[in-house]
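Trainee: One-letter residues, chain by chain:
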Amino acid sequence: MSSIIIDKQNYPLAPGATVLDTLLEAGLNVAFGCRAGSCQSCLLRATAGKIPAEAQHGLKDTLKTQGWFLPCRCKPTETLTIDLNAGMPQLHQAKVVGKCLLSRRVMGLWLKCREPFDYRAGQYINLRRDQTTARSYSLAGLPHADDYLELHIARIDGGAVSPWVHDELQVGESIEIEGPMGDCFYVSGTPEQPLLLVGTGTGLAPLYGIVRDALHNGHNGPIHLFHGARTNDYLYYYDELKRLSGRHENLHYHPSLVEAAEPAPVDVEVGAVNELVARQLPELSGWRVYLSGAPDLVNQLRKQCFLAGAASNAIHTDPFI
Amino acid sequence: MMSTLYERLGGEAAVDKAVDIFYRKVLADDSVSDFFDDVDMDRQAAKQKAFLTMVFGGPNNYTGLDMREGHKHLVERGLNDSHVDAIVDHLGSTLKELGAADADIAEVANIANSVRDDVLNR
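Protein sequences, first through last, are from chains A and B. When we follow the numbering used here, the leftmost residue of the first sequence carries the number 1, and every step to the right adds one. When we follow the numbering used here, the leftmost residue of the second sequence carries the number 1, and every step to the right adds one.
No lab work stands behind these hints, which were simulated from the structure alone. Hints are not guaranteed to be accurate.
Derived coverage of chain A by chain B (criterion: at least 3 residues anywhere in the stretch with Cβ under 8 angstroms from a Cβ of chain B; other residues may be distant) [to be verified]:
id : stretch
1  : 147–158
2  : 167–178
Cross-link-like lysine to aspartate or glutamate pairs, in silico, EDC-like; alpha carbons within 20 angstroms at most [as the list claims (entries may be wrong)]:
id : chain 1 : residue 1 : chain 2 : residue 2
3  : A       : Lys303    : B       : Asp66
4  : A       : Lys64     : B       : Asp85
5  : B       : Lys25     : B       : Asp118
Restraint ranges, calculated between C-beta atoms of paired labels, are given here [as the list claims (entries may be wrong)]:
id : chain 1 : residue 1 : chain 2 : residue 2 : range
6  : B       : Ala13     : A       : Pro163    : 12 to 22 angstroms
7  : A       : Trp164    : B       : Lys17     : 19 to 29 angstroms
8  : B       : Thr63     : A       : Gly246    : 35 to 45 angstroms
9  : A       : Ala14     : B       : Ser3      : 50 to 60 angstroms
10 : B       : Asp85     : A       : Gln300    : 20 to 30 angstroms
11 : A       : Pro15     : B       : Lys17     : 54 to 64 angstroms
12 : A       : Gln9      : B       : Asp85     : 45 to 55 angstroms
13 : A       : Gly218    : B       : Glu97     : 50 to 60 angstroms
14 : A       : Gln280    : B       : Glu97     : 44 to 54 angstroms
15 : A       : Thr132    : B       : Asn113    : 46 to 56 angstroms
16 : B       : Glu76     : A       : Ala261    : 27 to 37 angstroms
17 : A       : Gly286    : B       : Gly64     : 37 to 47 angstroms
The model shown is predicted, which means the values in this text are computed figures rather than measured ones. Positions of the beta carbon are idealized from the N, C-alpha and C atoms, including for glycine.
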């Protein structure tokens, strides 16, 4: 007879009972809806034990790899450990080890954690300025290749954190971070799948990590990375991405500006990034899509890419709200 | 051998294929897309799946009350018969695209219409 473990407490499953049945029977307060595996209200996360395939049916790949499953369809054959607090992120101590302006209004920040910090390229953290002030920033680094965490922080005039990062935070200072969080990351298993990544401004940060993660995993399908910067102030990593696409035949880098007030390299397009994407890639069935940055654009692109044929569970978004 | 509507349509695999096709039709239809536009797309896809499972005659535990409560805020925004008609229409064309028999499409429309009053809170 199999059982589930929550907070070190053991709950045996009655024959034929699902995990949800068992949790409700035990009086635990868990959400549920249709109880038939369609609505996803009951989503829970397992941290140990084999999750039956049935219980992950229909879930996005990024959720599956993190151990999320549907308790209403779950009849485990071995003991499953469930974390009911899966939503709660961890606090970590980190030190600023590097700081460098990447373009006029984008600051690169490199942090090193005291303990090993495990994350997937493309996830994000909350940077805590103090006990009451924090902001979310995406991780641009590659977990196994880099020794540090890399963030790209745009200066927001009058902001509570970005001007402080740009003007006051010093290399060597300690800082608290929370995380990692987010479902916008590379999933291996389909190395030939065409990938579309679109980022606006510092929305490039998670995509920079995801692209390198994909290449590191041997992804050989076409990878199209669009970076839409409003002005030259936000067009950064141009040289890095030219070099990277020069080294990898399947990586196509499409930089663009909305306003070209100053001269820019000739391969930088001018226009709205969503229109450029629609023109270059009007057909997206079979593609995996990653969208990150300004919420309005991310939402508009999500709809646009879906209508162009991308499956809803193959579109991953990271809106900077 | 007698098979159920759900089995004839193709069961869960059919629902999985139908969700994105149906949702694309809905989003591309200006007369109803606003009702779906400001909702989290992932959550919306899950709701579509649950709805399609129900109208395909599949296993689900939604009651009329759930349909009523779930659509009340939309009724307040003006949801009416014309919108329900459009949805039933898109349901039909989705099934046609998937090769369903006319008689089965009619049965699905009947199930959808059977919750019309709950959806419109009357």
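Trainee: A separate judgement is required for each hint: does it hold in the structure or not?
Mentor: Do the hints match the structure? See the list:
no., hint, verdict
1, 147–158, "violated (count 0)"
2, 167–178, "violated (count 0)"
3, A:Lys303 / B:Asp66, "27 angstroms, violated"
4, A:Lys64 / B:Asp85, "36 angstroms, violated"
5, B:Lys25 / B:Asp118, "23 angstroms, violated"
6, B:Ala13 / A:Pro163: 12 to 22 angstroms, "53 angstroms, violated"
7, A:Trp164 / B:Lys17: 19 to 29 angstroms, "51 angstroms, violated"
8, B:Thr63 / A:Gly246: 35 to 45 angstroms, "60 angstroms, violated"
9, A:Ala14 / B:Ser3: 50 to 60 angstroms, "32 angstroms, violated"
10, B:Asp85 / A:Gln300: 20 to 30 angstroms, "28 angstroms, holds"
11, A:Pro15 / B:Lys17: 54 to 64 angstroms, "34 angstroms, violated"
12, A:Gln9 / B:Asp85: 45 to 55 angstroms, "52 angstroms, holds"
13, A:Gly218 / B:Glu97: 50 to 60 angstroms, "36 angstroms, violated"
14, A:Gln280 / B:Glu97: 44 to 54 angstroms, "28 angstroms, violated"
15, A:Thr132 / B:Asn113: 46 to 56 angstroms, "54 angstroms, holds"
16, B:Glu76 / A:Ala261: 27 to 37 angstroms, "46 angstroms, violated"
17, A:Gly286 / B:Gly64: 37 to 47 angstroms, "39 angstroms, holds"
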